[in-house]
Amino acid sequence: MSQQGHAHHDPHELPFWKKYVFSTDHKVIGIQYGFTGLFFLFFGFCLVMLMRWQLAYPEQPVPVIGKFFNDSSMPGGVMLPEFYNSLGAMHGTIMVFLGIVPVAFGAFVNFVLPLQVGAPDMAFPRLNMASYWLLVVGGIVMLVSFFVPGGAANSGWTSYAPLAVVATTGQTYWLIGMAFLIQSSLLGAINVIATTFQLRAKGLTFMRLPFFVWSQLVTAFLLVLAFPPLLAAAVLQLMDRIAHTSFFMPSGLLVSGQPLEISGGGSVLLWQHLFWFLAHPEVYVLILPAMGIVAEVIANNIRKPLWGYKAMVYSVVFIGFMSFIVWAHHMYLTGMGTAISAFFQATTMIISIPSVIILTALFISLWGGSIRFNTQMLFALAFLPMFGIGGLTGLPLGLSSPDIYLHDTYYVIGHFHYVVAPGTIFALFAGVYHWFPKATGRKMNEFLGQLHFWPSLVFMNGIFFPMMIQGLAGVQRRLYDGGAQYAHAKDYLDLNVMMSWSAWLLAIAQIPFIINFIGSLFAGKKVDSDNPWEATTLEWQTPTPPGHGNFLTQPIVYRGPYEYSVPGASKDFTSQNEPPAGASQPAGTSQGVH
Amino acid sequence: MNRLQELLNPQAHLKESTNMDMPYIVHPREDTGLFNAKLGIWLFLASEVMLFGALFSSYILMRIGAFQWPQGSDVLNVPLGALNTVILISSSVSMVLSWVSLKEKNLGKFRLCLAVTILLALGFMVVKAFEYSAKFSHHIFPETSTYFAIYFTLTGLHAFHVMGGVVVNTYFLFPGTKMWQTDPERFTNRIEVAGVYWHFVDLVWIFLFPILYLL
Numbered sequence: 001m002s003q004q005g006h007a008h009h010d011p012h013e014l015p016f017w018k019k020y021v022f023s024t025d026h027k028v029i030g031i032q033y034g035f036t037g038l039f040f041l042f043f044g045f046c047l048v049m050l051m052r053w054q055l056a057y058p059e060q061p062v063p064v065i066g067k068f069f070n071d072s073s074m075p076g077g078v079m080l081p082e083f084y085n086s087l088g089a090m091h092g093t094i095m096v097f098l099g100i101v102p103v104a105f106g107a108f109v110n111f112v113l114p115l116q117v118g119a120p121d122m123a124f125p126r127l128n129m130a131s132y133w134l135l136v137v138g139g140i141v142m143l144v145s146f147f148v149p150g151g152a153a154n155s156g157w158t159s160y161a162p163l164a165v166v167a168t169t170g171q172t173y174w175l176i177g178m179a180f181l182i183q184s185s186l187l188g189a190i191n192v193i194a195t196t197f198q199l200r201a202k203g204l205t206f207m208r209l210p211f212f213v214w215s216q217l218v219t220a221f222l223l224v225l226a227f228p229p230l231l232a233a234a235v236l237q238l239m240d241r242i243a244h245t246s247f248f249m250p251s252g253l254l255v256s257g258q259p260l261e262i263s264g265g266g267s268v269l270l271w272q273h274l275f276w277f278l279a280h281p282e283v284y285v286l287i288l289p290a291m292g293i294v295a296e297v298i299a300n301n302i303r304k305p306l307w308g309y310k311a312m313v314y315s316v317v318f319i320g321f322m323s324f325i326v327w328a329h330h331m332y333l334t335g336m337g338t339a340i341s342a343f344f345q346a347t348t349m350i351i352s353i354p355s356v357i358i359l360t361a362l363f364i365s366l367w368g369g370s371i372r373f374n375t376q377m378l379f380a381l382a383f384l385p386m387f388g389i390g391g392l393t394g395l396p397l398g399l400s401s402p403d404i405y406l407h408d409t410y411y412v413i414g415h416f417h418y419v420v421a422p423g424t425i426f427a428l429f430a431g432v433y434h435w436f437p438k439a440t441g442r443k444m445n446e447f448l449g450q451l452h453f454w455p456s457l458v459f460m461n462g463i464f465f466p467m468m469i470q471g472l473a474g475v476q477r478r479l480y481d482g483g484a485q486y487a488h489a490k491d492y493l494d495l496n497v498m499m500s501w502s503a504w505l506l507a508i509a510q511i512p513f514i515i516n517f518i519g520s521l522f523a524g525k526k527v528d529s530d531n532p533w534e535a536t537t538l539e540w541q542t543p544t545p546p547g548h549g550n551f552l553t554q555p556i557v558y559r560g561p562y563e564y565s566v567p568g569a570s571k572d573f574t575s576q577n578e579p580p581a582g583a584s585q586p587a588g589t590s591q592g593v594h
Numbered sequence: 001m002n003r004l005q006e007l008l009n010p011q012a013h014l015k016e017s018t019n020m021d022m023p024y025i026v027h028p029r030e031d032t033g034l035f036n037a038k039l040g041i042w043l044f045l046a047s048e049v050m051l052f053g054a055l056f057s058s059y060i061l062m063r064i065g066a067f068q069w070p071q072g073s074d075v076l077n078v079p080l081g082a083l084n085t086v087i088l089i090s091s092s093v094s095m096v097l098s099w100v101s102l103k104e105k106n107l108g109k110f111r112l113c114l115a116v117t118i119l120l121a122l123g124f125m126v127v128k129a130f131e132y133s134a135k136f137s138h139h140i141f142p143e144t145s146t147y148f149a150i151y152f153t154l155t156g157l158h159a160f161h162v163m164g165g166v167v168v169n170t171y172f173l174f175p176g177t178k179m180w181q182t183d184p185e186r187f188t189n190r191i192e193v194a195g196v197y198w199h200f201v202d203l204v205w206i207f208l209f210p211i212l213y214l215l
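Listed in order, the protein sequences are those of chains R and D.
Take 1 as the starting number for the first sequence in my numbering and just add one per residue.
Take 1 as the starting number for the second sequence in my numbering and just add one per residue.
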């Protein structure tokens, strides 16, 4: 039975601001991350919906919303090119660093991982609180940057030098905001690694860890090792902007026909190397947690063990390692030289193998399962082909010769959005539907869930598939008018109308989710057990919602993570902490304690 | 262990007892051989290695791409740099001694050694300030050349790390020492962790001094 209330949730225990605002409890922090991340996902989506108007109906006044903007961004409701650039740069930055990372890593890792490893909390609870509040400060700096003269950063989310060095003040805010976000992720990642290594329950060996824990552990290593070089790059760019150094500024650079008063001698490629040394592992930071969530949801809803668990674990570790030596496949067009390109295209082809292994293992897992098609499973199932499309369309970009054609076209945008939008974001939704009962004690509504899923699936493809067509036709991205001045693009620009309408309809398709999410908090169907999905992993062995300290008794783990439908077992799932038959049962280690 | 829980989470005493305490705060976990904070500091240092590694790599790339690059000893004051190297290495020694004093249960010696560490760190900063102001008075700024850009960036970032160490050690010298009365082992661990960080700051300088001053 649900054990909330009573001793664990006495409202008089702590003042409100300590319990829910400056909390050190990993579950509260996870939920804070979740709300913050979902807010920024929505905000970043709003930015791109504005851009989609400009692309579908170039230089026509934006209806209704347009008049709320001032003359420096949308005079008469018509978007200025500079504002379009700001929207593009900030959409990318906010979605990646303030949307997906806080939800996929911050929220799920904080809420679920300590429970899954049987820990009382994260290893460093106060550090955990610090990393959340650093994220908030970084987010506020990013939001404030929209209101400085010249608007927010407008040099793309990649902030390539020298453009970003000579850009308006917003870029300085971007760099400072990024410094906070980097520190936030870094501290969070240290916490995750320490928690996994130090606080695993007795008997929970590495090969008994749920795949979710493995994927988040590798993600944490990527964050610890890849983010600092971006911090270094940000420091150097900040020096270039504020102290007028020339780290990224070559000699003889002309801006608007005027030579700059700088010492010169810098390297524009240096920025790209430092940036992509972070940003390629960052791609895996965005996708690995999603794979972890999907693996949990699939294992739970096929009622049988994951096929190839070990291969999946080895693959995710291998991905983590390889992701550090593929970064320059983003830079084939910079003239690095064919030898370096050859190296990076070889490593890029190699890193695609473990991703395919994980995806294949998940597909094969479905074989012969008695699948429950609930909302979270639908999202998880949709993740597989959507991520598959995203991954496979990446192969031509990883090979240097086709990339020369495809680079900076809409094909690139289509490719990585398939990975992160119907890929990662679908996985995040799956995770929300899956763990919602553990966090709140109530289930989300199944009908509204389906109403959320099916239109989302259709409209996601409506947005991103035409991008592939445009990109193969050679339509360049980041153009204010979508490419209208190019003859080769003209025949393909009509697709923009359909894509934009898909984007706006996708927004409408999120309304059932918002209603469902908020409504279920108060009026959702109460769960009648602590393990409503009949899952095997440890997070379902806690009270619902888990109180401070999580477990009523220290769990002891006897078996692997996915023991579903074990022959001879009395029910079709066997919890990790259930002692082997015949063994004397230590007091209070199984569900019997409830 | 309840006391530990309280230290870890100051509001814990306001609650009903929890059934699980945070383990391995004081004693190492058997399979990893580490207590939590020690793993934490090593992971943090791994990230620091990547931070300074990126900057050192940038230095190499800028230098091999440069038309001309000054000999460090022609433009910087090598004796002052060498003095700072000696100061920092000495402070590392006194930092270790402060930890050893705690192991010997000698709080007075601990206070002395930690105070010496802090004073040496401040001495380092004073020497650094002299070097900086000498450059500024000759109108040499980060924008002067790529060499000085990387010099000021690297030494500036390093100085931030030194100041961070000073703040942490000062905390342990004054208010932080309280913990010695309640939980000496945990306090000793804290000093060990602060020491690991301090040695890293020292180590960074040992790389910075030759590449900026000598090469």
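Hints may contain errors.
What the hints assert, rightly or not - Partial chain R-side listing against chain D, Cβ under 7 Å, derived:
1) I190
2) I193
3) I242
4) T245
5) S267
6) V268
7) L274
No lab work stands behind these hints, which were simulated from the structure alone.
No residue lacks a Cβ here, since even glycine has one placed at the ideal position from N, Cα and C.
Checked hints:
1. I190: 4 Å, holds
2. I193: Nearest chain D Cβ about 6 Å off; hint holds.
3. I242: With a minimum Cβ separation of about 9 Å from chain D (threshold 7 Å), the hint on I242/R is violated.
4. T245: For T245/R, the interface hint holds, since the closest Cβ of chain D sits about 4 Å away, which is under 7 Å.
5. S267: The hint holds - S267/R has a Cβ within 7 Å of chain D, the shortest such distance being about 6 Å.
6. V268: Violated, about 11 Å.
7. L274: 6 Å, holds
Checked against the numbered hints above, the structure breaks hints 3, 6 and satisfies the rest.
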